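Assemble the whole structure, with the sequences as input and the hints as a guide.
Same order as they appear, the protein sequences are chains Z and W.
Position one of the first sequence corresponds to residue 1 (the UniProt record's numbering), numbered consecutively onward.
Position one of the second sequence corresponds to residue 1 (the UniProt record's numbering), numbered consecutively onward.
For the record, the hints were derived by calculation from the structure and aren't laboratory data.
Everything numeric in this text was worked out from a predicted model, so none of it was measured.
Any given hint could turn out to be false.
If chains are identical, the list can't say which one is meant, so a pair holds when it fits in one copy or spans any two.
Capping the alpha-carbon separation at 20 Å, the derived lysine-lysine pairs in PhoX-like fashion look like this [stated by the list, open to error]:
1. K113 to K4
2. K63 to K21
3. K112 to K21
4. K44 to K113
Protein chains: 2
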Amino acid sequence: MKSKYIIVIGCGRLGSELAVKFSQNHSVVVIDKNEKAFSRLVNKNFTGFTMTVDTNDMDALKKAKLDKADIVYIVTPDDNLNFMLAYGIKMIKKEINKEDLRIVARVNDPMKKDLFQRAKLELFCPIENSANQIFADFKGADEL
Amino acid sequence: MKSKYIIVIGCGRLGSELAVKFSQNHSVVVIDKNEKAFSRLVNKNFTGFTMTVDTNDMDALKKAKLDKADIVYIVTPDDNLNFMLAYGIKMIKKEINKEDLRIVARVNDPMKKDLFQRAKLELFCPIENSANQIFADFKGADEL
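Here is the structure:
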């Protein structure tokens with residue numbers, strides 16, 4: 001199995017879960033502006049690196065070695081920040097000519113999905129994932 | 001197709017999505033403590049009912065005719081409130097002898113899942129749903 005270099009931006013509930021699980025088989029760097037966020041990784045067998053970075057500062061983000069990364073997950077709870085980061089990293093990706101870098105952003109508010117799609121950003125939406133699962137479960141349970 | 005009576009507690013991003021979609025084929029009552037929350041249903045072809053209820057007041061919740069309901073989705077963003085509501089409605093369910101009433105609660109913090117499970121509450125966790133989908137997508141894209 002080939003090991004990838006994965007960057008996770010935002011070490012909240014979702015980010016910490018991704019970081020822990022991916023770090024079992026891959027090189028993971030997890031970034032948060034707040035050092036305390038990394039307490040979520042304690043006692044979880046996290047084997048990657050943490051980096052405290054002001055996520056509003058695109059230049060600081062370059063420290064994460066985007067040129068070496070295979071995939072970046074942008075999963076803070078702030079949609080506006082996620083959008084800005086995804087867009088900014090997409091620009092860096094062009095600058096450094098790194099076509100195979102995947103950038104995946106979290107969208108919390110389904111109303112904002114359209115904006116992400118127009119900017120041609122790869123996204124996922126936890127609310128919609130859950131809604132879809134609830135509908136599937138509902139149908140399964142009631143045989144509709 | 002048999003139409004069900006579905007109660008959705010919490011008209012936020014997830015609750016409003018469920019309410020709109022379920023109301024296409026079922027009787028839906030969506031409850032929120034804040035009337036403004038129902039603005040999420042505007043221009044969405046929602047055909048159910050809204051009810052402004054203090055969700056901290058279990059007695060007030062009885063107005064939602066739990067005895068007539070087939071399923072209750074408790075999907076506020078507040079895990080503690082969701083736990084309290086799920087537990088309270090489970091008690092009402094016993095009182096009124098309504099064994100076939102399904103109660104499904106949202107858990108936002110994966111750390112709290114255990115508590116819900118110990119109380120034998122049916123739950124789902126948007127963060128985990130998304131994490132699982134991300135792992136599946138990651139494997140799909142990279143053929144690991």
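Evaluation of the provided hints:
1. Taking CA atoms no more than 20 Å apart as the test, K113 paired with K4 passes in neither setting, with 28 Å inside one copy and 30 Å between copies.
2. Within a single copy, K63 and K21 get their C-alpha atoms no closer than 23 Å, and across copies no closer than 44 Å, so neither meets the 20 Å cut-off.
3. Taking the closest pair of Cα atoms, K112 and K21 come within 20 Å of each other only across two copies (19 Å); inside a single copy the shortest separation is 28 Å, beyond that limit.
4. When the C-alpha separation of K44 and K113 is checked against a cutoff of 20 Å, the pair qualifies only between copies, where the shortest distance is 16 Å, while the shortest distance within a copy is 32 Å.
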